[in-house]
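For the record, the sequence lines run as chains A and B.
For the first sequence, counting from 1, position 20 maps to 20 in the working numbering; every step adds exactly one.
Take the position in the second sequence, starting the count at 1, then add 1000; the result is the number in the working numbering.
In short, the hints are calculated from the structure, not lab data.
There could be a bad hint or two in this list.
[Stated by the list, open to error] Derived contacts from chain B toward chain A, CB cut-off under 8 angstroms, selection only: (1) LEU1003; (2) LEU1059; (3) VAL1063; (4) ILE1093; (5) PHE1096.
Using N, Cα and C, we set each Cβ at its ideal position, and we do this for glycine too.
Here is what each chain is made of, one letter per residue.
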Amino acid sequence: MGLGQASLRNLTLRRLPAALALLLALIGFLVVAQVRTEWRIKRALRIPSTQLQELAFTLRDQERRRAGLEAQVADLRERLVDYERAASEGRTTVARTGRALQEMRALVGLTPLEGPGIILELNDSTRPPRAGEDPNKTILHYTDISGIVAELWVAGAEAIAINGERVVASTGINCVGTTILCNTKRLAPPYIITAIGDPARLRQYLRRPGGGLELLAAFDFPVRLTARNLVRVPAYRGTYRFEHTNVIGQE
Amino acid sequence: MWLPVVGLILGVALGYLFSVEIPLGYVKYTAIAILAAIDTILGGLRAQLEERFALAIFLSGFVVNAAFAALLTGIGDLLGLDIYLGAVIAFSIRIFDNVGFIRRDVIMGYLRTGPREAQRPAAGGKIV
């Protein structure tokens, strides 16, 4: 070991404290900075920094999910608008359909109606049958009633009822023995036929020469025809039912 | 040996005075730097005890080790792997090794010659 090497060693040995001081200063600085950072994180977030990466991952995941949910919200809002528009359109459609349905029900006879019209009261003949005369000629037949109803329709009647039985499309007027049936309900004299329509026109048509009423009057049946500003026709009380019928052209 | 103490106090004081915020991404590098510095100091002490101390080796060891550890950490960040843990473990093992050698050197020196001359002839081993 030469002298130069020895002096070099002495030199380096003397420099050891300085180098140590340098590194210790670095360590002190870094440790203090690190500890302060860590404390700040703990104070601010109340979680150790070792969990930060995990939390960052969770945060990113949540943010991605939030973005997805926001897109979903936007989509749903859009659809809601669509639905609202459709609903408002639907409401008008429903209202229109409801009005149409109400009209249909009225036309078909399922609602009581009122309006200007006539009341025609018929009864069996008050005249006692003469000897040898057919007693059938002194009582009203279902054909008479049916004929009167047909004449009323022709005269422009809009709704007809006989003794409170509404005459509808499926109404049949027939008889069982001496009893006249309307809507399969037994009718009893007097027969009061109520019709809504132009009263003057209805009366004019019924009273026309050679009409049904003239014939009845000729046979001494009491006929009383009155025009009214307001007559009421009740609703059809029977049922409509299709058992063998299929509607054509409807899905 | 008051200079190292002064250095430590100076470093701590600087750390307190300049409130340096270490960004979270660089916490790994801080850990590496601290470990490298501790390793270097202990290695230097051990070298001095074994009379093998060389300033060039001392400082270059710190710089190169720290730089390489930082490189590993950077690569680990790129790859998404915690490669810096390898550097941390290597430094830690070296630190414990050096502590063990220093402990042995000091104790052997005491047992042979007394407290003032705790020195041993150079033995083969890692320096810094």
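Verification of the hints:
| no. | hint | verdict |
| --- | --- | --- |
| 1 | LEU1003 | holds, 4 angstroms |
| 2 | LEU1059 | holds, 6 angstroms |
| 3 | VAL1063 | violated, 11 angstroms |
| 4 | ILE1093 | violated, 19 angstroms |
| 5 | PHE1096 | violated, 17 angstroms |
Violated hints, in rising order: 3, 4, 5; the structure is consistent with all others.
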